[in-house]
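Q: Read off the chains here:
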Amino acid sequence: MVEEGERIPLTLYDWDPKGGTISMVFQEVGKTTRLLAKMAAGDRILNLVGPLGLPSHVDRFGRVVCIGGGVGIAAIFPIARAMKLAGNEVISIIGARTADLLILEGEMRSVSDRLIVTTDDGSKGRKGFVTDALRDLLEGGLRADRVVAVGPAVMMKFVSETTRPYGIKTIVSLNSIMLDATGMCGVCRVSVGGRTKFTCVDGPEFDGHEVDFDLLLDRLNQYVEEERRIAAADC
Amino acid sequence: MRGVSSRISPKRVPMAEQPPGERIRNFMEVPLGYTPEQAIEEARRCLQCRDPPCVKGCPVEIDIPAFIRLIAEGKFKEAALKIKEKNALPAICGRVCPQETQCEAVCTLGKRFEPVAIGRLERFAADWEREHGGPTIPNPPVKRGKKVAVIGSGPAGLTAAADLAKMGYDVTIFEALHKPGGVLVYGIPEFRLPKAIVEAEVEYVKSLGVEIRTDSVIGRLYSIQELFEMGYSAVFIGIGAGSPMFMGIPGENLNGVYSANEYLTRSNLMKAYLFPKYHTPIKTGKRVAVIGGGNVAMDAARTARRLGAEEVYLIYRRSEAEMPARIEERERAKEEGIIFHLLTLPVRIIGDEKGRVKAIECIRMELGEPDESGRRRPIPIKGSEFTIEVDTVIVAIGTTANPLLPRSTPGLKLTEDGYIVVDEETGKTSLEGVYAGGDIVTGSATVISAMGAARRAARAIHEYLSGKG
Chain L
0 MVEEGERIPL TLYDWDPKGG TISMVFQEVG KTTRLLAKMA AGDRILNLVG PLGLPSHVDR
60 FGRVVCIGGG VGIAAIFPIA RAMKLAGNEV ISIIGARTAD LLILEGEMRS VSDRLIVTTD
120 DGSKGRKGFV TDALRDLLEG GLRADRVVAV GPAVMMKFVS ETTRPYGIKT IVSLNSIMLD
180 ATGMCGVCRV SVGGRTKFTC VDGPEFDGHE VDFDLLLDRL NQYVEEERRI AAADC
Chain X
0 MRGVSSRISP KRVPMAEQPP GERIRNFMEV PLGYTPEQAI EEARRCLQCR DPPCVKGCPV
60 EIDIPAFIRL IAEGKFKEAA LKIKEKNALP AICGRVCPQE TQCEAVCTLG KRFEPVAIGR
120 LERFAADWER EHGGPTIPNP PVKRGKKVAV IGSGPAGLTA AADLAKMGYD VTIFEALHKP
180 GGVLVYGIPE FRLPKAIVEA EVEYVKSLGV EIRTDSVIGR LYSIQELFEM GYSAVFIGIG
240 AGSPMFMGIP GENLNGVYSA NEYLTRSNLM KAYLFPKYHT PIKTGKRVAV IGGGNVAMDA
300 ARTARRLGAE EVYLIYRRSE AEMPARIEER ERAKEEGIIF HLLTLPVRII GDEKGRVKAI
360 ECIRMELGEP DESGRRRPIP IKGSEFTIEV DTVIVAIGTT ANPLLPRSTP GLKLTEDGYI
420 VVDEETGKTS LEGVYAGGDI VTGSATVISA MGAARRAARA IHEYLSGKG
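Protein sequence lines, in the order shown, are assigned to chains L and X.
Using numbering that gives the first Met the number 0, read the first sequence as starting at 0 and increasing by one per residue.
Using numbering that gives the first Met the number 0, read the second sequence as starting at 0 and increasing by one per residue.
Some hints here could point you the wrong way.
[Claimed, not checked] FRET-style restraints, in silico, Cβ to Cβ:
id	chain 1	residue 1	chain 2	residue 2	range
1	X	D416	L	E2	29 to 39 angstroms
2	X	D351	L	M38	47 to 57 angstroms
3	L	E224	X	E309	14 to 24 angstroms
4	X	G442	L	R96	43 to 53 angstroms
5	X	E228	L	E224	19 to 29 angstroms
6	L	D144	X	S383	48 to 58 angstroms
7	L	L11	X	P137	13 to 23 angstroms
8	L	R96	X	K285	49 to 59 angstroms
9	L	R96	X	E130	55 to 65 angstroms
10	X	S383	L	M23	23 to 33 angstroms
11	L	R33	X	D416	41 to 51 angstroms
[Claimed, not checked] Derived EDC-like pairs (lysine to aspartate or glutamate); straight-line CA-CA distance at most 20 angstroms:
id	chain 1	residue 1	chain 2	residue 2
12	X	K276	L	D233
13	X	K285	X	E210
14	X	K285	L	E225
15	X	K270	L	E224
FYI, nobody ran anything at the bench for these hints, they're computed from the structure.
Cβ coordinates follow ideal geometry from the N, Cα and C atoms, glycine included.
Make the full structure from the sequences, and use the hints.
A: And the structure:
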């Protein structure tokens with residue numbers, strides 16, 4: 000952003016190679032996203048690097064359930080679109096805390112054979128979490144060949160727990176803390192199937208049934224104190 | 000030596016330093032450099048050997064006696080130019096080269112006295128030039144109309160780029176990070192290598208006509224194949240061995256455990272020591288354990304001290320005699336109050352209920368028979384386990400090949416450990432027109448050996464491209 004800035008990882012929502020543009024959706028959660036939110040059209044970001052990480056694995060699997068939570072809906076959108084284009088039947092579940100925070104509903108509908116909306120407070124769609132909607136489907140006998148989930152770590156954890164008894168391959172896109180994001184520092188390390196992996200170069204997508212989510216959740220909290228300090232310094 | 004030696008001081012001219020008590024409270028450079036008078040005095044100690052062994056001891060073959068004579072004559076700018084005939088980064092090498100195992104190790108004077116302080120003199124000439132009007136840019140060479148891509152802007156990449164630019168090639172460096180310099184900016188701390196000096200030497204390389212594109216991760220943004228399609232006739236890979244190794248002991252993923260790469264990158268590249276003015280955070284830590292015995296371990300320990308750690312422990316499984324860190328760096332670390340736990344091996348890191356480091360358990364070691372590295376193998380002493388209370392652990396046991404570029408380059412021959420296989424003399428890889436040098440070939444080594452390999456590769460690239468017509 001600026002000379003004093005930090006490096007943060009963001010996921011693309013859309014891109015246009017001809018027009019030379021990329022689109023991202025982000026939530027104001029820290030210093031950098033707050034700065035980013037203050038920008039106006041025509042402003043410049045000092046540094047931008049990408050794409051990074053391994054591309055999403057898209058194939059003709061059959062029936063794919065795409066799940067997006069909160070700002071993760073923006074990240075699941077291009078995956079759902081690619082799954083649809085690859086000839087899959089796409090069932091999407093998107094959720095947010097409340098109706099006002101639900102994004103990209105129309106876009107998701109346009110790339111899904113079926114779209115289920117959930118809100119924690121019931122202000123729109125089914126009341127509850129995306130995992131509740133997923134459980135309804137699975138308990139109702141829906142057979143899925145693959146589940147892909149992007150959202151808060153805790154959501155991805157419970158999606159993985161929900162699909163585990165059914166043995167459905169579940170891919171999650173992890174949101175570890177990153178620094179260089181090129182495999183150089185290891186801050187984004189996660190435990191997958193008992194082995195340490197770097198989210199930035201080995202991921203971000205991993206098999207949700209093998210990810211140690213509790214470790215991920217702990218590691219995501221590494222800098223909460225510093226986040227508070229820098230937010231206080233801004234006031 | 001014909002009686003000259005009687006007038007030669009057996010000791011080298013000492014260089015002023017920031018005293019330990021002061022320097023642990025700042026990130027400014029520790030050694031302060033020679034004054035012109037001191038440099039002349041030291042330069043006069045050189046015997047001007049006819050067949051100088053020091054030149055052979057230098058991986059980039061600097062004409063050492065010639066530049067030292069120029070210093071002795073007070074021709075400082077000329078001295079800098081003489082060095083730059085062979086080395087585009089003299090202010091950097093004067094600071095971070097292990098001269099004591101290279102040029103100074105074979106200095107004739109060193110047989111009887113302390114060797115000539117070649118590194119300090121190199122640093123002096125380069126600093127003098129920079130502080131007095133900056134470098135002279137050589138006349139632009141005749142352009143050859145051919146483009147060469149260099150991947151990585153560390154010591155190897157900068158050297159290959161400078162050499163090829165001087166030969167008349169259009170050189171573009173692709174750098175993954177947002178600042179050029181590689182390990183010189185993310186790894187080596189400000190107090191050992193000021194970033195302003197790296198910037199100045201990078202500017203010099205740019206002034207030779209080299210274009211540097213930052214934020215460009217080759218292997219992701221473009222593949223090597225795509226670089227050829229974009230019109231580059233040859234590629235040099237100098238991406239370093241940037242992937243941090245961990246020990247594989249329990250507790251290594253706890254919060255508060257850093258790789259040295261992460262710790263140093265936060266502090267050096269991102270300037271986390273100036274948080275919150277700079278936005279990248281770092282856990283400063285009150286009690287810090289650094290694991291490893293190399294220069295990087297010393298850098299991490301000394302950085303922790305400057306960030307305000309009260310106790311910094313350096314944990315190394317062998318004895319000090321086997322330590323790979325330069326003596327100078329070890330001494331400075333000790334002066335700064337770093338506590339050495341030698342013959343000590345960490346066995347696990349213990350965390351609290353929030354997943355944060357609270358202690359490290361170690362076991363004492365004794366030395367057995369020599370191992371394949373020729374150093375005596377450390378063997379654990381049963382029942383000697385003990386615990387040190389710490390809140391931060393920095394793992395500085397080395398790095399390995401980063402898989403990002405090799406993985407995306409089909410046909411590039413790698414060793415079992417993921418390093419690039421090359422012809423030693425030329426740096427030629429298994430792919431036509433693709434050369435490599437530095438840590439991505441050899442594994443972690445020195446700045447200057449990477450530069451030497453890059454020089455040889457640049458020469459080979461020139462031969463390859465001239466042969467092609």
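Q: State for each hint whether it applies.
A: Hints, verified against the model:
no. : hint                                  : verdict
1   : X:D416 <-> L:E2: 29 to 39 angstroms   : 37 angstroms, holds
2   : X:D351 <-> L:M38: 47 to 57 angstroms  : 40 angstroms, violated
3   : L:E224 <-> X:E309: 14 to 24 angstroms : 19 angstroms, holds
4   : X:G442 <-> L:R96: 43 to 53 angstroms  : 49 angstroms, holds
5   : X:E228 <-> L:E224: 19 to 29 angstroms : 48 angstroms, violated
6   : L:D144 <-> X:S383: 48 to 58 angstroms : 55 angstroms, holds
7   : L:L11 <-> X:P137: 13 to 23 angstroms  : 44 angstroms, violated
8   : L:R96 <-> X:K285: 49 to 59 angstroms  : 38 angstroms, violated
9   : L:R96 <-> X:E130: 55 to 65 angstroms  : 59 angstroms, holds
10  : X:S383 <-> L:M23: 23 to 33 angstroms  : 54 angstroms, violated
11  : L:R33 <-> X:D416: 41 to 51 angstroms  : 43 angstroms, holds
12  : X:K276 <-> L:D233                     : 10 angstroms, holds
13  : X:K285 <-> X:E210                     : 43 angstroms, violated
14  : X:K285 <-> L:E225                     : 16 angstroms, holds
15  : X:K270 <-> L:E224                     : 18 angstroms, holds
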